[in-house]
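Based on these hints, arrange chains B, C and D on the given structure of chain A.
So the chains spell out like this:
4 protein chains.
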Amino acid sequence: MFAIRNFSLLCRRSAVSTWRSKSQSAGQRLDISGIYPPIATPFTHSEDVDYQRLDENIKKYGNIPFRGLVVQGSNGEYPYLTPEERVEVVKRVRQALPKDKMVMAGSGCESTRGTIQMSQRMADAGADCVLVVTPCFYRGRMDSHALINHYMQVADSSSVPVVLYSVPANTGLDLPVDAIIQLSHHPNIVGLKDSGGDITRIALIVHKSSSQDFQVLAGSAGFLMAAYSVGAVGGVCALANVLGQQVCELAQLCVSGHWDEARKLQCRLIEPNTAVTRQYGVPALKQAMEWFGYHGGVCRSPLQPLSKADLDQLRAKFSSNGWL
Amino acid sequence: MFAIRNFSLLCRRSAVSTWRSKSQSAGQRLDISGIYPPIATPFTHSEDVDYQRLDENIKKYGNIPFRGLVVQGSNGEYPYLTPEERVEVVKRVRQALPKDKMVMAGSGCESTRGTIQMSQRMADAGADCVLVVTPCFYRGRMDSHALINHYMQVADSSSVPVVLYSVPANTGLDLPVDAIIQLSHHPNIVGLKDSGGDITRIALIVHKSSSQDFQVLAGSAGFLMAAYSVGAVGGVCALANVLGQQVCELAQLCVSGHWDEARKLQCRLIEPNTAVTRQYGVPALKQAMEWFGYHGGVCRSPLQPLSKADLDQLRAKFSSNGWL
Amino acid sequence: MFAIRNFSLLCRRSAVSTWRSKSQSAGQRLDISGIYPPIATPFTHSEDVDYQRLDENIKKYGNIPFRGLVVQGSNGEYPYLTPEERVEVVKRVRQALPKDKMVMAGSGCESTRGTIQMSQRMADAGADCVLVVTPCFYRGRMDSHALINHYMQVADSSSVPVVLYSVPANTGLDLPVDAIIQLSHHPNIVGLKDSGGDITRIALIVHKSSSQDFQVLAGSAGFLMAAYSVGAVGGVCALANVLGQQVCELAQLCVSGHWDEARKLQCRLIEPNTAVTRQYGVPALKQAMEWFGYHGGVCRSPLQPLSKADLDQLRAKFSSNGWL
Amino acid sequence: MFAIRNFSLLCRRSAVSTWRSKSQSAGQRLDISGIYPPIATPFTHSEDVDYQRLDENIKKYGNIPFRGLVVQGSNGEYPYLTPEERVEVVKRVRQALPKDKMVMAGSGCESTRGTIQMSQRMADAGADCVLVVTPCFYRGRMDSHALINHYMQVADSSSVPVVLYSVPANTGLDLPVDAIIQLSHHPNIVGLKDSGGDITRIALIVHKSSSQDFQVLAGSAGFLMAAYSVGAVGGVCALANVLGQQVCELAQLCVSGHWDEARKLQCRLIEPNTAVTRQYGVPALKQAMEWFGYHGGVCRSPLQPLSKADLDQLRAKFSSNGWL
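So the sequence lines, in the order shown, correspond to chains A, B, C and D.
Converting from the first sequence to the working numbering requires adding 650 to each position, the first position being numbered 1.
Converting from the second sequence to the working numbering requires adding 650 to each position, the first position being numbered 1.
Converting from the third sequence to the working numbering requires adding 650 to each position, the first position being numbered 1.
Converting from the fourth sequence to the working numbering requires adding 650 to each position, the first position being numbered 1.
If you are wondering where the hints come from, they were derived from the structure by calculation, not from laboratory data.
Take these hints with a grain of salt, some might be off.
As the list makes no split between identical chains, a pair holds if one copy fits it or if it spans any two.
Pairs of lysine-lysine, DSSO-like flavour, derived with a Cα cap of 27 Å [to be verified]:
id, residue 1, residue 2
1, Lys858, Lys958
2, Lys741, Lys751
3, Lys858, Lys914
4, Lys710, Lys749
5, Lys751, Lys709
These numbers come from a predicted model, not from an experiment.
Extracted from the complex, chain A is given alone in its bound form (with noise of 0.2 Å):
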């Protein structure tokens, strides 16, 4: 309700309501199903952003059957970037990608006037769509109509479509469901990236969202077959990022059905990918990207290098699994 007046009011207020004109030709949302690796971003030794790496990465996963790219998710140490820096990688991976592919961008900030401009300089920048994760700094006032709020803004200003982000695990902070449900409504938000894994949540929220063709991507390998089967369409997966095609192949076997061959890849992937999320950390994702073949290297700091028993536990979450 709110959401719908608050929306009709700005459409009454600008004449063309700008991202109508780009996002929303004929009624239609923009389709983002399928999969997408949440890129890290590679530093030099003095930890600067590495643009030839990065390049060099992004051109390998051209050939990769992904819908396109998340770049400055959790796992491209976005909060360790400049403003600068954030739109510049951006404007790196849109060049270098093949233009099928798309680009979802990660403009959240903790101001709703900061995400608004970030959001702006990244559709500037060629992203395709931007993924909001949420304020969080102030949790114990981030309830529903504060966020509801916070992405109306946000939606309403943005020329691209919009794309939530709930990752408790990092935010403290899981987006509630009744708040996704009403911001569904909005004709600029397309979709919910759910990186907190409970998928009875994760099913409620199609089920009740799914009059306004909202589409939900699973934010983790470790439970992209389940969220399939419960009518997600997709998957931002840091696992992706090293056992890409792995991970295609599983959407598809999923999205044609092949649930029994799906179970039995969908298994061996879950402690490799465990091991480079919440076990071990951007520091293991980009370790196990040069076991691959990737530029992975080192974090910014405070991030810190795994130890050497760190290191042979994450190996052994590969090499069982017959991946390494």
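Leaving out everything else, chains B, C and D in the frame of chain A:
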């Protein structure tokens, strides 16, 4: 390793291992696949166990294609029953239930010796297997080592098969995956009821215990379909006390591979399920039972009846999904 | 308001309210100020209660200026005892303890009716007052309304005064401040043992219950001095099982306003205290008791003995602070 | 060990360690004892920083016996400011504030390099010391090792002293005690603001860092007296934005050993303090500032104004304690 050795030790000690004779003829494990309602315990207005109403509920459940009943899961208010009442309820259920339906009896106590005794008393009262919740009061000390030791002792001594039970919402404790995998080697531990709902975890457990013919049951109707998709073989679902036929139908659709129909049914069950579990708890489950022709009635204090506002919300969760 | 009314109602119903005659002569509440060790329960190697060693510990504690003993607080492994054992231990302690020392007996059960019965049995066995832990299994439903109702029923029926007991580390539940304040009006509820350690909360409870002559006991030696500084009148301190004289000395320094000396002593007690509570739990407490001349011994399973490494750490926490 | 060595290394590298010349003449650390309000940032109705109203607030604060002001603690909405705004606010505060009052500037960023830069810019803008919050986005990787490394780099490079800042309510992360103790050896790390409120932890930190002349500040007025009782030397208290004179009076009573009077005043401050922090957050703080003659005004979005019901509650917390 530890499991096997300990177990062998036991076998050498007792010439005839009791459970082997009963539950393990020809090396096969008891098949626990299928749907179970974890039944509620009806009380009179003075809060005594109402055995007559219990009988009447059981008779009705006998006509639904359940695999069996769970007696004294969390929904049975078992922490509010005396040891004598716990055993007597199991006995009555066994008498009232058709012979082809299984009685899975919750025998968990905080101490190992208490659990061993209760398991034996329940087996004697006719339980086909026992469901053993994680001890949790000293949760800071309940690591894998302590929990493995606990379950090994219980399984070694029990004359009927043991099902592990992890229900973090009530216990504040998740039975660790590594402990589950190690315990899955014990021939008298046949499966796990997992009520946490972390589908990645459930898939991993299925995967890592697959060589042991270990059976995983979803602990809630909210993620039943997703659990089947990753290899679970059934569910213990509070909602089956109310919508038993429908939960069985959902299971059947999953088992037979009718995923699209399953998805539609699953989605309509999520909100009623959440309402009678996490959201409003046992008082809501008992109220909903009344609406659907069963005896629910009051809970023992300190559990309180729902407020009028909560009752209305509860009803809306059923009616908005077409069940009332 | 609710408390008063409910309580009056009871008085009208029963001509002579039992607790009034015993605990409320001349309108005065039982004075519970001072230090109490929440005693451990010694077991034989076959895990039976070792009543002889219990007696010997009690005799030693009789020579320390404690106000009394808490029997079956969390450190007494009460969830591992049968109802009969719980009562018998209280009886033995009462017999072995000098008459001028108080026996505060932990009578909490999950159900209200169970708690009422156990409180009566413990009073009959000689307890001077009962310590009633919050029921917690259905913690999602244990709001102020349910908890107030529970404690009102228990206090109405108990022939000895009731002390509230909030221990979130074990129960996952903090007795809400508003519930405590309302319950403080009940003439048979004389105080609170707060083990959470939130000093702001403790100060607020003291402040808001000051007109009711309600007594707050710190639930741990770690924040004993700070609790005294904001108005607490004593403590139930696991560490007092080991360093009883020192904990009593700290209390005396606080009561007499020797804050600078108190601070020095307090600081040396923090690490040993944390080690025998949060960090290593009851097995560590029992081990440390052995070092200081008491009978500690084994815990009941599933509690496990400390590893060698943990034992060394435990000892270091005492020796580095000059106690060993 | 690590701290000392790393630090020496730095000294050998740079002939004159910049911070030494400024903050460490004659081996003495900067004295940070006393009370600081963590000031709010006033905004215009279009959400721009309102520098004029900021000036007016600062002038008023200049008449209260504060030790100084914290600029851009959590209450300053610093995550919503651009880097330029953060620096400019510090500059303005320094200009408006009497010279004998200290400016402690919050310079924490997620990355180490960002924090180093921001610390330098704030020092250049006139900050007397910097308050560095724990980086937290990748909290799963922020162990002692990573955090020590982060703070060592920041302290090594900063031209003004560094104060550690642990605020788990916002960051989901408690700076570990062992890391604090190790960091307390660094000559350019002079103290800690601890907002968690765990008084046992605060006492332990004071105790274990006492030989380093390390200064602990309570991060909230709710436990200010208790913190003084265990050895803290001051406080950074949101409530001091509103009731500055009273918070300073409480500190004075503690320092001078008037504990009974202190207790009475402390207790009356708890509820208003909780209301403007944990309970209703920065919007409540800014509202209360208006009631007491300061400029509070709106927050930046996504923070929302209080509802009418919350406003009434907030006012009641002040009036029922005699402040309004």
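Hints, one by one, checked against the model:
For the identical chains of this complex, Lys858 and Lys958 are inter-copy neighbours only, at 26 Å across copies versus 47 Å inside a copy, given an alpha-carbon limit of 27 Å. In this assembly of identical chains, Lys741 and Lys751 lie within 27 Å of each other by CA distance solely inside one copy; the values are 14 Å within and 46 Å between copies. Taking CA atoms no more than 27 Å apart as the test, Lys858 paired with Lys914 passes between copies only; the shortest distance there is 12 Å, against 30 Å inside one copy. For the identical chains of this complex, Lys710 and Lys749 are intra-copy neighbours only, at 14 Å inside a copy versus 59 Å across copies, given an alpha-carbon limit of 27 Å.
In this assembly of identical chains, Lys751 and Lys709 lie within 27 Å of each other by CA distance solely inside one copy; the values are 12 Å within and 57 Å between copies.
The structure agrees with every numbered hint stated previously.
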